[in-house]
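*Asks:* Use these hints to put chain B onto chain A, whose structure you have.
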Amino acid sequence: MQLRRSIVRGTRLAGSASAAAVALCLLGGAGTAYAYWASTGAGTGAAAAATMQAVTADALVPGGSNRTSLAPGGTADVVLRASNPNAFAVTLHSVAAGGAATADAAHAGCVTTGVSFTAPVAPLAPAVTIPAKSSVVVTLPGAASMSTQSQSACQGATFEIPVTVEARR
Amino acid sequence: MNRRIRRPARPRIRSRVAVVLAGVALLSWAGPGASAFWTATSSGGSALTGADAVAAGTTPSVTVSGGNVTLAWKASATLAGRAVSGYTVARYGSLSGGTRIDAGGTCAGTVSAGLGCTEQGVPTGTWYYTVTPVLGQWQGAESGRSVAAAVDTTPPAAPTVAAPHYVNSGNVAAVPVSGTTEPGATIALSVSDAGAAHTVTATVTANSSGVWNAAVNLTSLAEGTVTYSAVATDTAGNQGNPAAPGTAASFKDVALPRVTAVVLADANITGKNGSTKGKVDPGDNVTIQFSEPLDASTICSSWASTAAGTLNGENQVTVTISAANVLTVDVASTACPTFRLGTVALNGAYYGSGALTYKGAGQSASTLSWNPSGPAPTLTITLGALASGSPATASTTAAASSYTPADGMNDRAGNALAATAVAGSMTRF
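Residue numbers (the numbering used here), protein chains in the order written: chain A, 1 to 169; chain B, 1 to 429.
If we strip away everything but chain B, and leave its shape as in the complex, we get:
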C-alpha cells in the first residue's frame, strides 16, 4: 500500500517540471516575438522639388563723357525674391538686332559689386546698352536697350573767333565776341593784353547751330593789342587742342578824342577883295586840331576812315556866317551823303548883312580838308568867294572863338568827340 502510495510522486514532479519548462520556453520565445515588427521597402518611387528663375534685367541709364559711358540700373531678383549674384553688360550698335558686344572697363565680365559700371574707351558711334542679371550659371532675360549713347572721341576743331577791331570807351565793359563751333560745344575764351600782363576769361556755350556769343569786360586790360583765344569742348567732353586755339585780336583805345586848337586865320592874299585882318574875306580859314586822328568817315561818310580828305568841288562846300557870327559849313549830299562838323562861334563882329555865304568854283571854291597826319590832325575850312550877303566893314579884334563838334564824330577807335564847346586861342580872320 505504501509502495502504491509512494510511486505516483515521481511522475507528478516530472509533470510539473515539464509544465515549468513549457512556461519558460513560452516566455523566452514569445518575448522576442512580441518586440519584432513588419517592414516594407519600396524603390522606384520619386519625390519632387522645383527651381526658381531669374527675372529680367532692368533697362540701364547711360551717361556719356568723351569715350566713357557710365551705366546705372536697378537691382534684379529671382521670381522668389532672391538677390542675383551679378550682372553682365553688353552694347549694340542699333536699337534692335545687331551684334552683341560684351562691355569692357568695369563693365567687363560679371559686375558683382554695385548697380553700375563704366566702360572706357568706347569707339565713336551711337550705342545701346543692356543688362542681364545672373545667379551662378543662371541668366535672366536681357533688359531692354538703353537710350542712345552717342560716343564722340574726336576733338572739335578750333572755333572761329570774331571780335571788334577796336575796343573803345563805348564797348570796353562788354566787348562782343562771337564765333562758331560744334553745336552745343562749350567755349573757353581767354583775352589777354600785350605780354599777357592781364587776362580775362569767359565760358559760353554754343547754340544748336554752333554759334556762340560772349561779352567780356576788358577794362582791366592795358591799351594796345588785345588777343582772344578760344578752345572748344564738345558735348561728348572732347577738348580741342589748347595749343591751337581759335584766335582774334582787337586794339584797345578808350581815350576820348579832344579838340586841341581852334584858330581863325586871315588869308592875306593880295588882290583877293583887299583882304584885311579883322574882316572876313575869301581865303580866310578856320583850323581845328584834335588830340588824335578822327574817323574821317564820321565827318564825310564818303571818306575812308583813316584817309585824308578834301572837298573842293564847284559849290560843293558852302560856308555860312550867321548874324550871330556863328560859322557853319554845308556840303552837297552828292559829295557827302552824311556830313558832320558842328559850329564855330567866331566871337567877333564879322557879319554885316544878308545871308553871308561863301562858295564858288575852282580857286574860288570854299574847301574843307582833313589831314590826319602828324601829331595834330587838322580840319581846315577855307572860305571861297562871297556868294551872298555882306561882311562887316569894321575890323574885329582877336578873340577866342570856340568850336562845338557835331554828334557822331568819333576817333578811329570809335570813341566819341564830345559835342561841347571848346575855346580856341585869341585869333581873328
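So here's chain A without its partners, still in its complex pose:
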C-alpha cells in the first residue's frame, strides 16, 4: 500500500511535472511572443513591452561643421541623435521617413524645399548600438536629396526631416 501510494505519488508527481513544464513553456513562449508582436504596432514613442522604452530621435545635433550640404540636384548626409532611455543597450534597426522636410525659422520663404529623404536599408549597416541610457549621433550618408525645384530662399537653410526609428534588443 505504501509502495502503491508511492507509485501513485510518483505518477502524480510525474504528471504534475509534465503539466507544470507545459504550463511554463506556454507561459514563457507566450511571454516572448507578447514582447515581439506587441512592439511592432505604430505609436509615438510607446514602449513595445513593459520592460523596453522607445528610442527617440531628435535633430538637436551640436556642431556639424563637417556635415555635407544640399544643393539643387545633389545629396547630403542626414544626421540625428538617437537616445536610449533603457537600462540596457539596444540596436538601431531602421530609420524611416516620417513626413516632409521643413526649413528652419530663419528661412520662412523656403516653402518648396525640394528636399526628400531616402531611408537607408534596414537593418542599418554598420550596426548602430546605443548603450544603456545614452545617446549617439548617427549619420546617414547621402540620405537627403534636393531637387532643382528648391527655392532660392532655401539657400543656407537647415532642414528638419521627420523620421520614425525602430530599435531592437
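For the record, the hints were derived by calculation from the structure and aren't laboratory data. Here a beta-carbon is modelled for each residue, glycine too, at the ideal position from N, C-alpha and C. Treat the hints with care, as some may be off.
Simulated restraints on C-beta separations [unchecked claim]: (1) A:134 to B:102: 56 to 66 Å; (2) B:80 to A:109: 15 to 25 Å; (3) B:237 to A:148: 38 to 48 Å; (4) B:150 to A:108: 39 to 49 Å; (5) A:112 to B:114: 23 to 33 Å; (6) A:121 to B:80: 26 to 36 Å; (7) A:119 to B:86: 31 to 41 Å; (8) B:211 to A:109: 57 to 67 Å.
To list a few chain B residues with every Cβ distance to chain A over 12 Å, as calculated [to be verified]: (9) 58; (10) 96; (11) 261; (12) 277.
*Replies:* This is chain B only, laid out in the frame that chain A set:
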C-alpha cells in the same frame, strides 16, 4: 507476490512518458522563445540636414563696339565649392539704383556656356552691367556693377578736311592734311589724282579735342587736281557715311620755275639823252622771262600772288649799275615792304663813274612791271632818268648777260626759283 511485483511497472512507464513529453514540450517551446527579440518603434523624431548657398557674382568687365557690349567675368561657386549652373546678366542706367534691365543677345536668359556674352543692339547711353550666378532655382547675390559702358550708335558726321592749296616740290613727300571730327575718332583718309588713277591712303586718330593731322606722300600722284576724302569712325565703332565723306582739293605742281630769257634792250627813244646802242640810257630795259608765272607776292609783297604788278611811282624804283656792271633794283619799302629780284650781270662795260643810278618821276621814273600772262611771263626793268654817276661813253658790244634770282622767289605753287645765274641771249642796251 508476483502480482505485486508486476503491477508497479505500468505507472513507471507512464511516469517516464510524462517526463519525456515534458522535455519535448520544453524543447519545442523554449526554442522559439529564445530566438525572439524586443523591439520598439518611435515616430515623431527628426533628423537634420543643411543646404549650401551660392556665392555672389563677380563684377564683369565690359568692352563696347558700336552698339554691342561684350562682357566677361570670373566663375562663381557655392560656399561648399560647387560650380554654379549659369549666370543671369542685367544692365542699369546708373552706377547705383535704377531699373534692372535683363540683357539681351547671347546674354539673354541664363548664360550656361562660358563666362561671357555679348549684348547686341544696346541703345545709346551709358550702361552698367551685373552678373548673378544661379544654380537651379537658386540665385547668388548680384555682382557689383561694371565700369561704365558708353554705347554710341550715332555715326559721326563727315570730318572737316584742310589741305594746302598747292602740292609742290617742297611738301609733296609729306603733304600736311588736317581737320576736325569727334574726339578720339579714327580718320580714314584717301587721296586721289584725276580720275582716281592713283590713290594714297592714311589712317590717323583725332586727339581729345577732335583735331586730326596727317602727312601724306603724294609723290605717286599725277600733277593736277588732287582730291582728299576722309571718313571718321568714332570711338564706339560707328563709321561715318562713306558716301558723304569730308573732302578737300589741292593742285599738284612740283615743276620748278626756270628763267628762260634775259634780254637787254635799247630804248632808242629820240631825244632821250641821245640814246644809242651799246650805251646805257634812260628808257633802256632788261626783260626777264620765266617758264611759268611766279607768285608775284614773292617779288613785291604788296602784289597779289596771281596779279600783274607795276612799280612806277616817283623815285619808287632805283636802278643801280655798279662798277662791276651789275644791275640791281631797289624799291621803296612803302611800295614793297619786302622786295626780291636778284641781280643782272650785264657782261658789258656800261659803267662810267660815280654811283650810277637811275630814277625819277612821271615819265622819267624807273619802273618795274610784272606780266604773268602768256606763255612767257615777263619781268621788265626800265631805267628812268639818270640820277647820279656817269655811264660809259664808249659803245659796248652785245654779250650774254646773266640773271641771278633772289632767294624766296617762287612760282604760284610754291616751287622755288633757283638762285643760280642763268645766262641770257647776246644783247645789249
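*Asks:* Provide an ascending list of the numbers of those earlier hints which the structure does not satisfy.
*Replies:* Per hint list: zero violations.
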